Amino acid sequence: MLAFCIRRIVQAAAVMLVVGLIAFALFRFVGDPVVFMLGQDATPEDRARMSADLGLDQPFHLQYARFVGRAVQGEFGLSLRQLRPVSTLFRERLPATLELALAAAVFALAVGIPMGVYAALRRRSWLTQVFLVVSLIGVSLPTFLIGILLILVFAVQLNWLPSFGRGETVALGAWSTGLLTASGLKALILPAITLGLFQMTLIMRLTRAEMLEVLRTEYIRFARARGLTDRAVYFRHALRNTLVPVITVAGLQLGSIIAFAIITETVFQWPGMGLLFIQSVMFADVPVMAAYLCLIALVFVVINFVVDLLYHAVDPRLRLENAAAR
Amino acid sequence: MKAMLRRCIPGVLIFAAAVAADAATFRFANQGDALSMDPYMHNEAVLLSLTGNVYEALTGRGRKFETTPELATDWKQTAPTVWRFNLRKGVKFHDGSPFTADDVIFSFERARGEGSDVKVYVGAIKEIRKVDAHAVDIVTAEPFLILPQTVSRWYIVSKSWCEKNNAIRPADVRKGVENYASLHANGTGPFQLKSREPGVRTVFAANPEWWGKVEHNVTEAVFTPIGNDATRVAALISGEIDMMDPLPLQDVPRLQSNANLKVVQSPELRTIFLGMDQKRDELLFSNVKGKNPFKDVRVRRAFYQAIDIEAIRTRIMRGVSTPTGLMVAPDTQGFAPELNKRLPLDVEGARKLLAEAGFPNGFEVGMNCPNDRYVNDGEICQAIAAMLAKIGVKVNLVAESKSLFFPKVLARNVSFYLAGWTPASQDSHNVLFAVMSTPGEGAQGQFNGGAYSNPRVDELTRRIGAENDTAKRNAMIAEAFKIHQDEVGHIPLHQQPITWGMKKNIDMVQIPDNFQYLRWVTVK
Chain A
1 MLAFCIRRIV QAAAVMLVVG LIAFALFRFV GDPVVFMLGQ DATPEDRARM SADLGLDQPF
61 HLQYARFVGR AVQGEFGLSL RQLRPVSTLF RERLPATLEL ALAAAVFALA VGIPMGVYAA
121 LRRRSWLTQV FLVVSLIGVS LPTFLIGILL ILVFAVQLNW LPSFGRGETV ALGAWSTGLL
181 TASGLKALIL PAITLGLFQM TLIMRLTRAE MLEVLRTEYI RFARARGLTD RAVYFRHALR
241 NTLVPVITVA GLQLGSIIAF AIITETVFQW PGMGLLFIQS VMFADVPVMA AYLCLIALVF
301 VVINFVVDLL YHAVDPRLRL ENAAAR
Chain B
327 MKAMLRRCIP GVLIFAAAVA ADAATFRFAN QGDALSMDPY MHNEAVLLSL TGNVYEALTG
387 RGRKFETTPE LATDWKQTAP TVWRFNLRKG VKFHDGSPFT ADDVIFSFER ARGEGSDVKV
447 YVGAIKEIRK VDAHAVDIVT AEPFLILPQT VSRWYIVSKS WCEKNNAIRP ADVRKGVENY
507 ASLHANGTGP FQLKSREPGV RTVFAANPEW WGKVEHNVTE AVFTPIGNDA TRVAALISGE
567 IDMMDPLPLQ DVPRLQSNAN LKVVQSPELR TIFLGMDQKR DELLFSNVKG KNPFKDVRVR
627 RAFYQAIDIE AIRTRIMRGV STPTGLMVAP DTQGFAPELN KRLPLDVEGA RKLLAEAGFP
687 NGFEVGMNCP NDRYVNDGEI CQAIAAMLAK IGVKVNLVAE SKSLFFPKVL ARNVSFYLAG
747 WTPASQDSHN VLFAVMSTPG EGAQGQFNGG AYSNPRVDEL TRRIGAENDT AKRNAMIAEA
807 FKIHQDEVGH IPLHQQPITW GMKKNIDMVQ IPDNFQYLRW VTVK
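Protein chains in written order, with the working numbering: chain A, 1 to 326; chain B, 327 to 850.
Hints listed in this document are in silico derivations from the structure and should not be mistaken for laboratory results.
Fair warning: this is a prediction, and the values are worked out from it, not measured in the lab.
Errors might be hidden in some of the hints.
Once the Cα atoms are required to be at most 30 Å apart in a straight line, the calculated DSS-like pairs of lysine-lysine come out as [stated by the list, open to error]:
1) B/Lys728 x B/Lys621
2) A/Lys186 x B/Lys830
3) B/Lys678 x B/Lys390
4) A/Lys186 x B/Lys829
5) B/Lys588 x A/Lys186
6) B/Lys520 x B/Lys539
7) A/Lys186 x B/Lys520
Chain A with its partners taken away, still in its complex shape (with noise of 0.2 Å):
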């Protein structure tokens, strides 16, 4: 088990290294900070030597081992935008993002595992028939298009929720949070909606497709057989056998959902690290954009280590595998 852990997290940092020297290569095509670092009347020796003192100049495999030497070491450096520490910023932005993967998540799975319940058990009625065509909405319909749609019914036309930002929030130690007041819970609604719609929709479906097929097995025929009511067969067994993979896939969503949260933010001004991320592209910011995709590379990696454990736990079949590999 241990030598499974220590594979596995040297394969993890691999991958966190590979990540970040393809992103500083790719760097290299966002543009130059200095420009707007310094104003328009600016000499061009003053942009030559900015240019020098932040390493800009040199080539990117250099300026991704100074990177790395330096993130080892927990110091990201300043945003060229901000000038303000990289880590500062994510400590002050990482809350909005968590609680809105966190909302769109809960959404997802609150909503999409009833619908596909019932649209497994009620296979002919027309409300299954209005989830389906709502799926399919959900999975055609990009994000964006979502984000505006539901700001022009609930924000323009019915003037019910806000249409951009996170509210009042409450200051819990580092962590600002929008869950504990009125209008910081109004301004969740849409982007959580917005964000969680297409989760949902897989969701839905995945739910509803496994529970057809846990429906056909042998021991829900064996249950009615033995004279159970509906609800204990539907609800007792195979619910809770349906679950286990959506669960898996849900888990394996939360990384996506934060990752994807990027225009979900764009669209709403929600002030997460996605929205810092648009900005500090758009500013050509490195030490932003390179702590940020390392931060997300980390999120997939650990949550797929952790899911790999999670098997290795409960399939025995896999930790025989190894062994006859060895």
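Please arrange chain B on chain A, whose structure you already have, making use of the hints.
For chain B alone, coordinates are given in the frame of chain A:
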């Protein structure tokens, strides 16, 4: 309360001019945030506009964009290179410390020192001498007629506050440490910085101790950056904000048809123009080999006359741009109204000119263009490409983000491009020096992406910089503009509009550099 106020609008309207209406909160939004609260960190409009509510300079701008006394009550030239500025007495910074000549001298050292991005505003100043606690002599290296205008963007900071908070220098990325002044502010202005969450919310509170005459009724102002155009418009329509900038041109009719909203537009100081590489012997991006067509003035003139500026104005700019024949806007010092005439649109003539220059079938040229910097910049370039196609010129358009575009123009690795320029000093000399002079030492001609060069223009620019007589100075500016026009050094296009969307109950003054001063906001 808001709804009640709105119902009372007609009543309030009558008294608004005489009596400041009830205390009010004013919420405004921009597409971007100020990158710092330190007015020396970036020489950039949003930053200087926002911090301009907190900080003040020796001179300021009035409602008509005229130069007004601010922290200096008056000034006069005591010698060709010496200006006496008398400072306002009894002014206090927000932290309670008094404003004196020492703060001016400290601010000068800070503005011209390491890490400052506003060196351009104090660049002409050689030294500042303290006369007494409330008077200074500003000594320039050469006679510098426009000193009072130029220092209006150089805000005065408090010496004691900067020293106490270890902010003697602005934040410097190379030092790798945060700076107190990036998040806090201590000025003498009509508003105090109450709270600052970068990228989220900046709150200003009216300064009850302000020295000036209060012409606003704002007690609290909340600034929010909203990057997405559609979201910003939605926030205004749904009533979550009172005012926003910029309003996308396509949304203008929609707001105008709304009974609660209004659109306020006026021309900006920035002039949008086209540049052409006139230096290289062979263009970087063209199918013409062995020679550079843009070296021939007939080709440049043909390009100029092929452009239908009216079509751009009516179709792309929705009727609100101001076509220009000069490289400066009307509110710029030295603007020569008699020269502000464009070459007429003449497609036939343009074709003839091209043929005379040896390109009867036109040629191919690459064009560089930003697509997120100026109002509808990408669309303008597409239209120009289509217009040039009519005279046989095939334009290969590269429209890209400003972070990719500007490095190319600054390195002059372009053949044909669109750009814009606002003279930071609001004076023609800055345009002549940075955009129209031969690229040379320091910042001379540094934004002259096509390396247009005429020795007489260079000579005039040098002399304009040191001329002390307004009439002579304006005559030289006009002469330089005329030469540049005759030679089609650049092709000026238009001044783009400043477009604000706001609620009907807001009164606010729009000035051509698009600074948004809270001291002129009335919420009715």
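Verification of the hints:
{"no.": "1", "hint": "B/Lys728 x B/Lys621", "result": "holds (27 Å)"}
{"no.": "2", "hint": "A/Lys186 x B/Lys830", "result": "holds (27 Å)"}
{"no.": "3", "hint": "B/Lys678 x B/Lys390", "result": "violated (45 Å)"}
{"no.": "4", "hint": "A/Lys186 x B/Lys829", "result": "holds (24 Å)"}
{"no.": "5", "hint": "B/Lys588 x A/Lys186", "result": "holds (28 Å)"}
{"no.": "6", "hint": "B/Lys520 x B/Lys539", "result": "holds (21 Å)"}
{"no.": "7", "hint": "A/Lys186 x B/Lys520", "result": "holds (25 Å)"}
Of the numbered hints listed earlier, the single one contradicted by the structure is hint 3.
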